[in-house]
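One-letter residues, chain by chain:
2 protein chains.
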Amino acid sequence: MPAEMLQANQVHEMRPPFRINKDTAQIIRALRKQGCLTSRDFSLITGWSKAKTFQVIDHLFNNGILVQAGEAMSIGGRKPRLFCLNQNLGYLVGIDIGATSIDLVISDLVGRILQRISEPADVRGKPELFLNRCIELIHQLAASQGCQPDEILAIGIGVPGPVDFARGILVAPPLMPEWENFSIREFLHRAFPKALVVVDNDVNIMALGEKWAGNGVNLDHFIYVKIGTGIGAGIISNGLIHRGSTGSAGDIGHICVDKNGPICKCGNVGCLEAMAAGPAIAEKGLQAARSGASPFLKQLMEVNGGIIHPEDVNAACREGDQAALEIIRQSGQMIGDVLASLVNFFNPSHIFIGGGIANFGNHLLVAIRSVVLRRSLPLATTHLSINYSHIAADAGVIGAIALALEHLFVVQDHPHRLLPI
Amino acid sequence: MPAEMLQANQVHEMRPPFRINKDTAQIIRALRKQGCLTSRDFSLITGWSKAKTFQVIDHLFNNGILVQAGEAMSIGGRKPRLFCLNQNLGYLVGIDIGATSIDLVISDLVGRILQRISEPADVRGKPELFLNRCIELIHQLAASQGCQPDEILAIGIGVPGPVDFARGILVAPPLMPEWENFSIREFLHRAFPKALVVVDNDVNIMALGEKWAGNGVNLDHFIYVKIGTGIGAGIISNGLIHRGSTGSAGDIGHICVDKNGPICKCGNVGCLEAMAAGPAIAEKGLQAARSGASPFLKQLMEVNGGIIHPEDVNAACREGDQAALEIIRQSGQMIGDVLASLVNFFNPSHIFIGGGIANFGNHLLVAIRSVVLRRSLPLATTHLSINYSHIAADAGVIGAIALALEHLFVVQDHPHRLLPI
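Chains as they are written, first to last, in this note's numbering: chain A, 1 to 421; chain B, 1 to 421.
It is possible that part of the hints are untrue.
[As the list claims (entries may be wrong)] Among chain B residues calculated to face chain A with C-beta under 10 Å, some are:
hint: 1; residue: 123
hint: 2; residue: 245
hint: 3; residue: 249
If you are wondering where the hints come from, they were derived from the structure by calculation, not from laboratory data.
Heads up, the beta-carbon is just placed ideally off N, CA and C, and yes, glycines get one too.
Put together the whole structure using the sequences plus the hints.
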């Protein structure tokens with residue numbers, strides 16, 4: 001019976017999240033990793049008896065969650081049937097909201113990205129306006145796949161601000177004050193009544209993306225650092241995302257690096273973000289252009305009408321401009337100072353760097369690394385790797401899909417307790 | 001059939017760790033929390049059918065892991081039987097090794113402490129000498145309970161240095177260089193061939209103790225800070241101990257607090273430990289005594305033959321001595337500086353403070369709190385509690401028992417994977 005002839009019967013009448021038991025969760029986890037499996041594979045992976053394996057597979061097959069995807073090679077006797085997750089169950093949407101841009105993807109149920117849209121956007125206005133545009137774009141993505149709106153089962157969203165994860169709302173977000181206490185979840189629910197909506201911080205979803213499809217796949221303890229307009233971190237501990245007690249974990253942009261530093265918009269002095277992020281790099285570049293310390297930036301400033309972007313400083317650095325190199329080195333050293341403390345505290349095996357600064361090349365990376373190696377303890381740094389994230393540009397949307405997927409099925413391991421898988 | 005008439009049949013012939021399945025793990029977890037339960041209680045807690053519950057209980061009963069502990073009140077019909085863990089299965093030993101002292105306890109299988117021994121000790125010598133004394137003390141503890149050495153099923157140990165947890169050995173321990181690469185596990189194994197031996201860092205076991213029996217019982221994210229001769233942290237993330245990728249997580253004593261500070265024994269400058277821990281407090285106290293800035297400490301120094309202990313500075317502070325107060329305040333501020341960064345990064349709900357400084361009263365605590373509140377972000381501090389650990393003196397040995405207990409039973413959730421429960 002080929003896959004396309006099957007109809008998912010019960011599932012289409014249910015609304016996500018789908019409640020499953022631990023046995024089903026094991027099967028779904030195995031399928032996500034491996035794609036297609038025979039019942040013998042399931043037995044090997046789970047350690048179950050043949051009888052129990054058949055029983056669980058039958059149940060999932062009858063409910064339309066599994067479909068047959070063909071036959072495997074015979075190892076004697078009849079050819080064994082291959083099972084995979086029923087992709088016709090529906091679709092997922094992942095959204096990565098940045099300060100000045102928005103990226104959306106649509107994926108199938110195993111997280112394969114089918115289509116992508118990116119456009120400039122401004123989060124500083126009313127959330128309704130922003131999210132209505134989001135809804136239009138989701139409809140475009142769905143149409144491109146011939147997918148009906150009620151086939152979208154889950155939407156994962158990353159937003160650039162502190163999120164109360166349990167309630168799915170932003171708390172005192174400095175970049176987007178109009179969004180405070182606004183329920184993104186309810187707003188999108190009205191447009192997609194069947195979809196489960198999960199909201200998280202932008203750096204958390206980047207860490208999830210790295211864990212899901214980047215170099216973090218097999219890692220238990222790592223930190224994802226986003227450097228752009230601000231600086232933040234996503235944390236993986238014991239293989240799980242660590243959001244902290246109120247969901248604000250990873251807010252490293254306001255760690256003090258210089259007690260005599262400038263006043264930050266948070267009210268404190270010498271915050272890492274105020275001294276080392278994109279705007280600080282641009283500001284120092286502007287000074288170097290005006291003072292003539294950097295002839296390259298002076299020229300750029302004149303061409304740009306008096307403006308210097310962080311990318312300009314990087315371009316100058318690539319051209320061998322000493323003043324620009326020094327600016328980038330200083331940023332790297334300050335970021336390294338903070339990371340050195342965090343390495344001592346957290347002992348990650350890897351630090352991945354992403355965000356707008358992720359294409360800044362080796363000078364930044366070398367400065368960060370040398371401070372961390374000098375300032376952290378040998379036991380913590382011997383096997384430590386600090387690198388740019390290879391999936392930096394996609395980490396956000398991949399993570400948003402992973403977030404949606406994790407919450408689409410929940411394990412009922414106790415009458416009162418649900419766990420995402 | 002009363003409990004004392006039962007014989008644990010199979011278990012006594014097996015060697016720990018005991019491999020169990022997920023169902024058994026659920027039953028054991030419930031019994032650890034509740035003490036005694038009826039089969040109806042098990043059904044409610046696990047969500048299992050009556051039939052399955054009876055089956056699992058029967059299996060554990062026949063294997064001597066559960067025993068009957070009497071009868072519960074009837075709620076109609078026959079009085080239901082009450083089950084508990086079979087305490088006659090054996091005993092556990094917890095050992096907390098400090099720089100200058102050793103504490104040992106023996107407990108039953110639900111972690112109730114039955115007897116305790118503490119004595120001064122010196123870890124700087126050969127490990128064999130130290131551990132032979134340990135073995136004598138374990139025999140004393142066992143004898144006090146009429147327990148044979150082969151009834152000791154597991155020994156949990158905390159040591160004051162970085163531990164490679166998987167291998168159970170110390171790695172470059174500054175306080176106890178002779179212990180480098182020495183296998184504590186193998187040495188104790190020879191004396192107690194049946195016992196499982198689990199070795200961890202001293203602050204990790206304190207965090208475990210707080211999670212097991214202190215104010216951390218229901219908390220998912222907290223940091224336990226030990227301040228004494230050194231400064232270290234134990235970390236709980238998502239309810240689990242976070243040891244980091246090489247087991248060195250929590251090593252906060254060498255985070256830099258002053259780039260112009262003194263050189264630390266680790267080779268860097270301005271480390272927290274070198275500037276704020278016990279020896280730094282004593283050293284500053286001695287200076288205040290010599291200069292006459294503290295008349296109280298001057299008097300103490302003369303009585304003590306030229307020596308000042310950290311406790312003396314605290315005593316002076318309690319008497320209203322301004323110089324001593326300032327010394328303790330400075331330590332608190334530096335510890336607060338580091339914790340402020342960690343609060344932004346980790347967003348714990350609680351910070352518990354223990355170690356030799358845990359009885360230093362309010363001045364230290366107030367200094368720490370005020371810096372953290374000023375320097376961390378509001379979302380991270382609104383619900384943050386910073387307090388001395390109420391079980392500070394016992395956190396280590398309780399945690400060592402918890403460590404032993406967690407590893408005594410392991411869940412086989414996959415043919416190749418074992419998880420402590």
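The hints, checked one at a time:
no.: 1; hint: 123; verdict: violated (18 Å)
no.: 2; hint: 245; verdict: holds (4 Å)
no.: 3; hint: 249; verdict: holds (4 Å)
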